[in-house]
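For the record, the sequence lines run as chains F and A. 1 is the number of the first residue of the first sequence in our numbering; add one for each residue after it. 1 is the number of the first residue of the second sequence in our numbering; add one for each residue after it.
Calculated from the structure, these hints are not laboratory results. Treat the hints with care, as some may be off.
Once the Cα atoms are required to be at most 27 Å apart in a straight line, the calculated BS3-like pairs of lysine-lysine come out as [to be verified]:
(1) F:K23 - A:K212
(2) F:K234 - A:K246
(3) A:K203 - F:K123
(4) A:K224 - F:K204
(5) F:K203 - A:K23
(6) A:K23 - F:K204
Number of protein chains: 2
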Amino acid sequence: MHNNLSIIGAGNLANSLVPSLLKAGLQIDFIYSKNGQSAHQLAKKYRIKATSDIKKIKSDIIIIATTDSSIKTVSESLQLSKDQIVLHTAGSISINVLTQSHKNAGVLYPLQTFTRNKEVDLKNVPFCIEASNKNTYSQVKELAELLSNNITELTSEQRLALHTAAVFTNNFTNLMYTIGNDILTSHNIDFNLLRPLISETAKKAISNQPEKIQTGPALRDDIKTIQAHKDMLKGEQLEMYELLTKWIKNRHRDMDKA
Amino acid sequence: MHNNLSIIGAGNLANSLVPSLLKAGLQIDFIYSKNGQSAHQLAKKYRIKATSDIKKIKSDIIIIATTDSSIKTVSESLQLSKDQIVLHTAGSISINVLTQSHKNAGVLYPLQTFTRNKEVDLKNVPFCIEASNKNTYSQVKELAELLSNNITELTSEQRLALHTAAVFTNNFTNLMYTIGNDILTSHNIDFNLLRPLISETAKKAISNQPEKIQTGPALRDDIKTIQAHKDMLKGEQLEMYELLTKWIKNRHRDMDKA
Chain F
1 MHNNLSIIGA
11 GNLANSLVPS
21 LLKAGLQIDF
31 IYSKNGQSAH
41 QLAKKYRIKA
51 TSDIKKIKSD
61 IIIIATTDSS
71 IKTVSESLQL
81 SKDQIVLHTA
91 GSISINVLTQ
101 SHKNAGVLYP
111 LQTFTRNKEV
121 DLKNVPFCIE
131 ASNKNTYSQV
141 KELAELLSNN
151 ITELTSEQRL
161 ALHTAAVFTN
171 NFTNLMYTIG
181 NDILTSHNID
191 FNLLRPLISE
201 TAKKAISNQP
211 EKIQTGPALR
221 DDIKTIQAHK
231 DMLKGEQLEM
241 YELLTKWIKN
251 RHRDMDKA
Chain A
1 MHNNLSIIGA
11 GNLANSLVPS
21 LLKAGLQIDF
31 IYSKNGQSAH
41 QLAKKYRIKA
51 TSDIKKIKSD
61 IIIIATTDSS
71 IKTVSESLQL
81 SKDQIVLHTA
91 GSISINVLTQ
101 SHKNAGVLYP
111 LQTFTRNKEV
121 DLKNVPFCIE
131 ASNKNTYSQV
141 KELAELLSNN
151 ITELTSEQRL
161 ALHTAAVFTN
171 NFTNLMYTIG
181 NDILTSHNID
191 FNLLRPLISE
201 TAKKAISNQP
211 EKIQTGPALR
221 DDIKTIQAHK
231 DMLKGEQLEM
241 YELLTKWIKN
251 RHRDMDKA
């Protein structure tokens, strides 16, 4: 792969992509950010160039790694030659947002949760790819394979479904951990007690189908335990407990019928 | 510790306790189950004795490892001498259920999810203990320390709170994984794609306060992405998405105010 790249955006994802791209031997021409400051910080760290002038960007491949809501505007502001490729990196945005303005468009979506200042090894991160034509597809695939060992082609519709599933798996799961922590805090109990359970629950789901390892009072329809739990909750925690208990019951009753 | 033990019940927890107790050098007199069959299977595996006659049980310490709903009945059926100790192992049951009939009572609650045929190393499992008097407490503590490196004294009320928090952290989290899997299945996407995210989400919660690592469209109040997700969900999944999104928003709005 002899392409050079530029990256638009200097947030959490760009901070993970830049070192991985450099390690893979790729040349990064520019990192762009609107005000130039965040791009400058990131670029300085790796001794590459930063810019806030989008017209300077002439690379073979341009990766948009901004917030989802900026992708359309950024894409429309790019004036590309017929060989240049533009990619976005978002889970919930259709490739159509790029193809409205550009012939060679693609998606390079890494399915992981990124935190600033915590470098993630992209090698094991699933990358979901898509492209507007065959030649672009093969270039996107080649690029993705330099970054990760886990590449899947998905349509924009499938990617949106995956992104929604990721919200349940990450955002909503983290809310469950947070409520667990809230309950402990209000009873003067150390959150460390829950950590081995968090770990084992994730491990079990990784090596099994999660529906098959469901346990707990809702599954057993253990009315006494459910009542004891409800008696010590109130407000939103109680509402949440009741609904999620109902949902587990419904789901497993339906499974029994099936 | 020169005590001998008997175990009432032969389910998932008993299957984890027996090998750990034997490894710790303790003597198990009997494993009891009502019909004798499950106790016999477990006892045979470790060359110990099984019984379905509760009157045979004369050990220094009797551990009730049955379902929560049987603890009271089992406890009432035990006729103990003044030195014998009876313990239960449940998260949501008060010690009072035992002290109604017995002087020396205690709780030995391992906070973990147990699956049949999967031996769990109890050394890292948090054990929460409680006892009806000082002497019993020191014996329960000694026993717990032989099994695990992670012992905490909790009142029955605290233990119930912990058990409720564990329902959020394990049962409800596993429901989130299940919904994620459902969404992927209906779009012909491999669940393996979500596994690195499940793992990283748990790892992050283990080394941080979960509320501080919350991410996602609900936290950012990203209305466009939320709408795109909602457009592809229906029925209970949509209801669940809307409520959990509202709860994340409320929680983090309250935090901003605080």
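So, going through the hints one by one against the coordinates:
no.: 1; hint: F:K23 - A:K212; verdict: 31 Å, violated
no.: 2; hint: F:K234 - A:K246; verdict: 17 Å, holds
no.: 3; hint: A:K203 - F:K123; verdict: 17 Å, holds
no.: 4; hint: A:K224 - F:K204; verdict: 34 Å, violated
no.: 5; hint: F:K203 - A:K23; verdict: 25 Å, holds
no.: 6; hint: A:K23 - F:K204; verdict: 25 Å, holds
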